[in-house]
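Participant: Construct the entire structure; sequences and hints are all you get.
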Amino acid sequence: MTIDTLDIAASPMPATVPKRSFLQEVIEDTPGSDPRFEMCIQCGTCGGSCPSGPDMEYSPRRIFAMIKADMREEVLKSNTFWYCVSCYYCMARCPQQVHITDLMYTLKRKAVREGYCRKSTASDAPDFSEFFADAVLKYGRSFELGLATRYHLRHHPLGAIKMATGMGLEMMRKGRMDLTPRRIKNVDQLQAILSKAEEIARQEREQGGVA
Amino acid sequence: MKYNYYPGCSLERNASAYHDSTMAVAKPLGIEFQEVNDCNCCGAVEFMAIDKMQAYALIARNLSLAEQQMSNGENLVAPCSACFLNLSKCDAYLSASPALADKVNKALAAGGMHYTPGQVHTRHLLDVAVNDVGYDAIAKKVSKPLYGLRVAPYYGCLIVRPGFLDKFDDPEYPTSLDKLMRTLGATVVDFPMKAHCCGGHMTQISEPVALYMIHQLLKNAADYEADVITTICPMCQLNLDAYQHNVNKAYGTHYNIPILYFTQLMGLAFGLSAKKLGFGKEFISAAPALIKIGVKPPKKPKKKRPSKQELPMPVMPEEE
Ligand code: SF4
Ligand code: SF4
Chain P
1 MTIDTLDIAA SPMPATVPKR SFLQEVIEDT PGSDPRFEMC IQCGTCGGSC
51 PSGPDMEYSP RRIFAMIKAD MREEVLKSNT FWYCVSCYYC MARCPQQVHI
101 TDLMYTLKRK AVREGYCRKS TASDAPDFSE FFADAVLKYG RSFELGLATR
151 YHLRHHPLGA IKMATGMGLE MMRKGRMDLT PRRIKNVDQL QAILSKAEEI
201 ARQEREQGGV A
Chain G
1001 MKYNYYPGCS LERNASAYHD STMAVAKPLG IEFQEVNDCN CCGAVEFMAI
1051 DKMQAYALIA RNLSLAEQQM SNGENLVAPC SACFLNLSKC DAYLSASPAL
1101 ADKVNKALAA GGMHYTPGQV HTRHLLDVAV NDVGYDAIAK KVSKPLYGLR
1151 VAPYYGCLIV RPGFLDKFDD PEYPTSLDKL MRTLGATVVD FPMKAHCCGG
1201 HMTQISEPVA LYMIHQLLKN AADYEADVIT TICPMCQLNL DAYQHNVNKA
1251 YGTHYNIPIL YFTQLMGLAF GLSAKKLGFG KEFISAAPAL IKIGVKPPKK
1301 PKKKRPSKQE LPMPVMPEEE
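Sequence lines, in order, name chains P and G. So in our numbering, spot 30 of the first sequence is number 30, and the numbers just go up one at a time. So the mapping is simple: our numbering equals the position in the second sequence, first residue as 1, plus 1000.
In short, the hints are calculated from the structure, not lab data. Check before you lean on any hint, since a few could be wrong.
[What the hints assert, rightly or not] Simulated pairs of lysine-lysine, DSBU-like, Cα-Cα distance not exceeding 35 angstroms:
id: 1; chain 1: G; residue 1: Lys-1167; chain 2: G; residue 2: Lys-1300
id: 2; chain 1: G; residue 1: Lys-1106; chain 2: P; residue 2: Lys-185
id: 3; chain 1: P; residue 1: Lys-174; chain 2: G; residue 2: Lys-1179
id: 4; chain 1: G; residue 1: Lys-1141; chain 2: P; residue 2: Lys-174
id: 5; chain 1: G; residue 1: Lys-1281; chain 2: P; residue 2: Lys-138
id: 6; chain 1: G; residue 1: Lys-1027; chain 2: P; residue 2: Lys-185
id: 7; chain 1: G; residue 1: Lys-1106; chain 2: P; residue 2: Lys-77
id: 8; chain 1: P; residue 1: Lys-68; chain 2: G; residue 2: Lys-1167
id: 9; chain 1: G; residue 1: Lys-1106; chain 2: P; residue 2: Lys-196
id: 10; chain 1: G; residue 1: Lys-1027; chain 2: P; residue 2: Lys-174
id: 11; chain 1: G; residue 1: Lys-1167; chain 2: G; residue 2: Lys-1002
id: 12; chain 1: G; residue 1: Lys-1141; chain 2: G; residue 2: Lys-1292
id: 13; chain 1: G; residue 1: Lys-1167; chain 2: G; residue 2: Lys-1140
id: 14; chain 1: G; residue 1: Lys-1299; chain 2: G; residue 2: Lys-1219
id: 15; chain 1: P; residue 1: Lys-174; chain 2: G; residue 2: Lys-1292
id: 16; chain 1: P; residue 1: Lys-185; chain 2: G; residue 2: Lys-1275
id: 17; chain 1: P; residue 1: Lys-174; chain 2: G; residue 2: Lys-1300
id: 18; chain 1: G; residue 1: Lys-1167; chain 2: P; residue 2: Lys-196
id: 19; chain 1: G; residue 1: Lys-1106; chain 2: P; residue 2: Lys-174
id: 20; chain 1: G; residue 1: Lys-1106; chain 2: P; residue 2: Lys-19
id: 21; chain 1: G; residue 1: Lys-1144; chain 2: P; residue 2: Lys-174
id: 22; chain 1: P; residue 1: Lys-174; chain 2: G; residue 2: Lys-1219
id: 23; chain 1: G; residue 1: Lys-1140; chain 2: G; residue 2: Lys-1027
id: 24; chain 1: G; residue 1: Lys-1249; chain 2: G; residue 2: Lys-1219
id: 25; chain 1: P; residue 1: Lys-138; chain 2: G; residue 2: Lys-1276
id: 26; chain 1: G; residue 1: Lys-1249; chain 2: P; residue 2: Lys-77
id: 27; chain 1: G; residue 1: Lys-1106; chain 2: G; residue 2: Lys-1144
id: 28; chain 1: G; residue 1: Lys-1275; chain 2: P; residue 2: Lys-68
id: 29; chain 1: G; residue 1: Lys-1002; chain 2: P; residue 2: Lys-174
id: 30; chain 1: G; residue 1: Lys-1300; chain 2: G; residue 2: Lys-1275
id: 31; chain 1: P; residue 1: Lys-19; chain 2: P; residue 2: Lys-68
Facilitator: So this is what it looks like as structure tokens:
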């Protein structure tokens, strides 16, 4: 669509309604009460406390600045949140009680939903989460061997062989890994709950416009 | 004392030593555990990255199941730090946000379930041991003190941070596990990195990053000449134990530090047999540490050649 063909009068969003900022968007997509994202004072405590900080393209502090600057694509393409190990050091230390770890999860979900995760340098990571979730959706339980095999076969075939002959085999010898998944009794009930949850989330996105 | 018990996926298999030793020390501690019937996975650190509503519904189903077992009291005990964090965080967020609770309950209703936020009180096993049972009562049960055993107490992250329901210990420099180990007669070494992260699932995402984190922890414990590292979380145990060999290869080190659950050490001090406490399942053998305190290590199972059936051929979830 070019500027010429853009019919401003017919546009569903009147020019007077300001576009929702990226900051607003991530706040709305984060569960719990107020995540306090707008309260960041750029002190840098989070980045300095983060065990993955050196491996992140942008420190958590920078991510907050970039969100405020509406740098949506740059943020969602980055590896920062995929390198977050959920240690909560940042959250425990933040002088403004910003829910930093929750932001990392929100960015992960957005990047998965919008396909940005494929462009990030940590592009294997989303599959790990997705394969994990797949097993839980199916059995109600996680399934380490299935997850490890499926994930490694896709991303590190050599690792899969090492896994199957080295650590994996040792895990099995020691009785620390199941060959077949364990299923909860009431899988049907769980699946009904989870598909309803998905439907609610979808409706929420459609109504509230949270992408 | 009666408690509902949420084992989580790890304790059923990978961390069965944690489960077995927890069950073994329950009796001397005067604890009666009732497992949450048909509980599902808590989602670990993965599900929240995919779908928040599903992630919360998944956790809330467990809370709802525990709510149905209130005859065992309101306490729900999780020995895994990630399960503990997820259950307590979900409950705290549902309590703080009626709108979220409403949506999650709509999802639960599709399975004929409901959860009232705040009804179930999620606790970590360590919290229950030191605060409900108490150091004095534990001291009374010690029949074989762990004299001479140098223990590095490892807390990791999620049990002390950020403390969604109770802050039962310091988020930066916790001491409850130190005190518990001293109660058992062990020598507690200084362990400045005791609340640092084990890397969680990073071993799968980027092994070099993970090995760096694990190396730091092992080095710290070795610097203070720890005989063993004691842990309260299956993920921490797995990372420090199963990847110790890889750390040695990557860093040219020779660490050989067994990573033992705090319940295993408690059981030894109570005079329970090593076999009953799940010893022998660790990658880095605990035998030298056991011998040091005069405990007979469990017999090694005879190594037989792995048959075809034993090779890891998983049943795979079909690709969509
Ligand atoms: S610690 Fe908190 S206030 Fe400081 S930069 Fe990080 S998010 Fe902002
Ligand atoms: S929770 Fe994530 S972002 Fe925060 S310090 Fe830990 S790894 Fe870094």
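Participant: Which numbered conditions among the earlier hints are violated in the structure presented, ordered from lowest to highest?
Facilitator: 1, 19, 27, 28
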